[in-house]
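**Student:** Below are the chains, spelled out letter by letter.
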Amino acid sequence: MEPAEVEFLAEKELVTIVPNFSLDRIHLIGGDLGPFNPGLPVEVPVWLAINLKQRQKCRLVPPEWMDVGKLEEIRDQERKEDTFTPMPSPYYMELTKLLLNYASDNIPRADEIRTLVKDTWDTRMAKLRLSADSFVRQQEIHAKLDNLTLMEINTAGTFLTQALDHMYKLRTNLQPGESSHSQDF
Amino acid sequence: MSEAYFPVGPGLGMEENFLSLDDILMSQEKLPGRAESALPRLAVLLGQGGGSAESIPEGSKLEIPLWLAKGLHDSKRRIISVELPKIYKEAWRTVFSADANVVDLHKMGPYYYGFGSQLLNFENPENPEIAQTILQATGAGSVLPVSDCVRSLQTFIGRFRRIMDSSQNAYNEDTSALVARLDELERALFQVGQKGLNDFQCWEKGQASQITASSLVQNYGKRKLTEVDG
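These protein sequence lines map, in sequence, to chains G and P.
With full-length UniProt numbering applied, the first sequence corresponds to residues 1 to 185, in that order.
With full-length UniProt numbering applied, the second sequence corresponds to residues 1 to 230, in that order.
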């Protein structure tokens, strides 16, 4: 899976916007949206929010967690713990990128937020590498990674599964079963 | 283009994948061996002596490709006996267990893991290790291939961290120095790690949403079609 596809999934997340137009309730396949009234906050998917924002038809309300204080807390918590801590959103990286790219004028202290999220990401990726290493070293066969987000899994996933696949094959060589004797006639 | 191309990957077990190009190249690697019986009229092929009628005498040393060794090797009819290449022998195995990262597997290999796995097929009855197997009464398998394989597994595990780190940290760098010492299998793994990192970085910079010409098409433009034909 490519990052763009992960982003596609992330665009289904809901955000609050304040529209400057009025529109009746619209009926879409994935659910009904609206009604839209000028000045009144309404929840819409990210893809629609970005589209409306680009057409200058709304103002974006940043998600609750997209706040310097909260993100600092999350980053510190992430550094303290050995395992992965729960993230404020399953698509925190994608939402940060999308919202900051298209609506940075609506988000207070956008640069600091970008840095904090990047720090958190780096911490988590370093942690992922560390735990993958000990996973391989101890020759485990399963692991539980509850709080990892899709983007993180996707970045290191192919590499990890392929490495484990090689390891599995090399390890099954250790137990020569029936198949190894197919050459004896 | 690469997404629509599904090459057959290497087998990496006791059996190779029949259509895997990597495995075909791997099975060309030479293996030291010895003729257990005279092989008439084969001296020319195996590079021993001149005339086409000459036969290979019993007991002569041979360097045979793995595919041929696998075909001729039979625990009942003794045509050839196979020796371990020196990198799979005790001396080198000790080196690998000391620090797997210092070994240049590309020079040693370049199909270290695949070839090592294939070597498990030769359960030579004359090996003292096999006698030990009967002693241990584990049934199938001998001590020699097992210990052999533990090493190559340890080698892989020992080198895993370095491959992961270098493939996921090197962004926009020249990676030729990093992969110079990697086995073919590890190189493929390195490429996968790099792809994950590069795709993510491209996405983050917003390059993923831009449509660019395929690198193949860009290369076409550099030379006129007539020059290619001529």
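It is possible that part of the hints are untrue.
[To be verified] Reference excerpt, derived from the structure (chain P facing chain G, CB under 7 angstroms, subset only):
| id | residue |
| --- | --- |
| 1 | L12 |
| 2 | W92 |
| 3 | G196 |
[Unchecked claim] With a Cα cut of at most 20 angstroms, we get these calculated SDA-like pairs of lysine to any residue:
| id | chain 1 | residue 1 | chain 2 | residue 2 |
| --- | --- | --- | --- | --- |
| 4 | G | K57 | G | E5 |
| 5 | G | K127 | P | A4 |
| 6 | P | K195 | G | V42 |
| 7 | P | K205 | G | W47 |
| 8 | P | K205 | G | M125 |
| 9 | P | K86 | P | E54 |
| 10 | G | K118 | P | E204 |
| 11 | P | K205 | G | D119 |
| 12 | P | K195 | G | L150 |
| 13 | P | K205 | G | K80 |
| 14 | G | K57 | G | I107 |
| 15 | G | K169 | P | E204 |
| 16 | G | K80 | G | K12 |
| 17 | G | K169 | G | T149 |
| 18 | G | K127 | P | G59 |
| 19 | G | K127 | P | S27 |
| 20 | G | K127 | P | K205 |
| 21 | P | K70 | P | K86 |
| 22 | G | K118 | P | N198 |
| 23 | G | K53 | G | L23 |
| 24 | G | K169 | P | A100 |
| 25 | P | K195 | G | I107 |
| 26 | P | K205 | G | L98 |
| 27 | G | K12 | G | G39 |
| 28 | P | K205 | G | K169 |
| 29 | G | K127 | G | R171 |
| 30 | G | K169 | P | E63 |
| 31 | P | K70 | P | E54 |
| 32 | P | K195 | G | K80 |
| 33 | P | K89 | P | S27 |
| 34 | P | K195 | G | T149 |
Simulated from the structure, these hints should not be mistaken for lab results.
Just so it is clear, CB atoms sit at the ideal spot from N, CA and C, and this is done for glycine as well.
**Student:** It remains to establish, for every hint, whether it holds in the given structure.
**Tutor:** Results for each hint:
1. For P/L12, the suggested interface contact is upheld, since its CB lies about 4 angstroms from the closest CB of chain G, less than 7 angstroms.
2. Among the interface hints, the one on P/W92 is violated; its C-beta lies about 17 angstroms from the nearest C-beta in chain G, farther than the 7 angstroms criterion.
3. For P/G196, the interface hint holds, the least distance from its beta-carbon to any beta-carbon of chain G being 5 angstroms, beneath 7 angstroms.
4. Note on G/K57 and G/E5: the hinted pairing is violated, with a Cα-Cα distance of about 26 angstroms set against a maximum of 20 angstroms.
5. Straight-line distance between C-alpha atoms of G/K127 and P/A4 comes to about 34 angstroms, which puts the hinted pair past the 20 angstroms bound.
6. Pair hint P/K195 plus G/V42 does not hold up; C-alpha atoms about 39 angstroms apart against a cutoff of 20 angstroms.
7. Distance restraint check for P/K205 and G/W47: the Cα-Cα separation of roughly 19 angstroms lies within the 20 angstroms cut-off, and the hinted pair is therefore satisfied.
8. Pair hint P/K205 plus G/M125 holds up; C-alpha atoms about 18 angstroms apart against a cutoff of 20 angstroms.
9. As the CA atoms of P/K86 and P/E54 are separated by approximately 30 angstroms, the hinted pair breaks the 20 angstroms bound.
10. Straight-line distance between C-alpha atoms of G/K118 and P/E204 comes to about 11 angstroms, which keeps the hinted pair within the 20 angstroms bound.
11. Of the supplied pair hints, the one linking P/K205 and G/D119 holds, its CA atoms being roughly 16 angstroms apart against a limit of 20 angstroms.
12. At most 20 angstroms may separate the alpha-carbon atoms for a hinted pair to count; P/K195 and G/L150 meet this at roughly 17 angstroms.
13. Simply put, P/K205 and G/K80 have alpha-carbon atoms about 29 angstroms apart, too far for the 20 angstroms limit, and the pair is violated.
14. Annotation: proposed proximity of G/K57 to G/I107 holds, straight-line Cα distance about 17 angstroms (limit 20 angstroms).
15. This hinted pair does not check out: G/K169 and P/E204 have alpha carbons roughly 35 angstroms apart, beyond 20 angstroms.
16. The hinted pair formed by G/K80 and G/K12 fails the criterion: a straight-line CA distance of about 31 angstroms is larger than 20 angstroms.
17. In summary, the hint linking G/K169 to G/T149 is not supported, as the alpha carbons are separated by about 28 angstroms, beyond the 20 angstroms threshold.
18. About 57 angstroms separates the Cα atoms of G/K127 and P/G59, which puts this hinted pair outside 20 angstroms; it is violated.
19. At most 20 angstroms may separate the alpha-carbon atoms for a hinted pair to count; G/K127 and P/S27 exceed this at roughly 39 angstroms.
20. Between the alpha carbons of G/K127 and P/K205 the distance comes to roughly 23 angstroms, so the proposed pair goes past 20 angstroms and is violated.
21. A hinted pair counts as satisfied when its Cα atoms are at most 20 angstroms apart, and P/K70 with P/K86 qualifies at roughly 18 angstroms.
22. The straight-line distance between the Cα atoms of G/K118 and P/N198 is roughly 16 angstroms, inside the 20 angstroms bound, and the hint therefore holds.
23. Restraint check for G/K53 and G/L23: the C-alpha separation of about 16 angstroms stays at or below 20 angstroms, so the hint holds.
24. A hinted pair counts as satisfied when its Cα atoms are at most 20 angstroms apart, and G/K169 with P/A100 qualifies at roughly 19 angstroms.
25. The hinted pair formed by P/K195 and G/I107 fails the criterion: a straight-line CA distance of about 32 angstroms is larger than 20 angstroms.
26. Restraint check: the Cα-Cα separation between P/K205 and G/L98 comes to about 11 angstroms, which is no more than 20 angstroms; the hinted pair holds.
27. Between G/K12 and G/G39 the CA atoms are separated by roughly 23 angstroms; this puts the pair beyond 20 angstroms, and the hint is violated.
28. Distance restraint check for P/K205 and G/K169: the Cα-Cα separation of roughly 37 angstroms exceeds the 20 angstroms cut-off, and the hinted pair is therefore not satisfied.
29. Annotation: proposed proximity of G/K127 to G/R171 is violated, straight-line Cα distance about 26 angstroms (limit 20 angstroms).
30. A hinted pair counts as satisfied when its Cα atoms are at most 20 angstroms apart, and G/K169 with P/E63 does not qualify at roughly 28 angstroms.
31. Note on P/K70 and P/E54: the hinted pairing is violated, with a Cα-Cα distance of about 24 angstroms set against a maximum of 20 angstroms.
32. Between P/K195 and G/K80 the CA atoms are separated by roughly 30 angstroms; this puts the pair beyond 20 angstroms, and the hint is violated.
33. Distance restraint check for P/K89 and P/S27: the Cα-Cα separation of roughly 19 angstroms lies within the 20 angstroms cut-off, and the hinted pair is therefore satisfied.
34. Of the pairs offered as hints, the one joining P/K195 and G/T149 holds, with about 19 angstroms between alpha carbons and a cut-off of 20 angstroms not exceeded.
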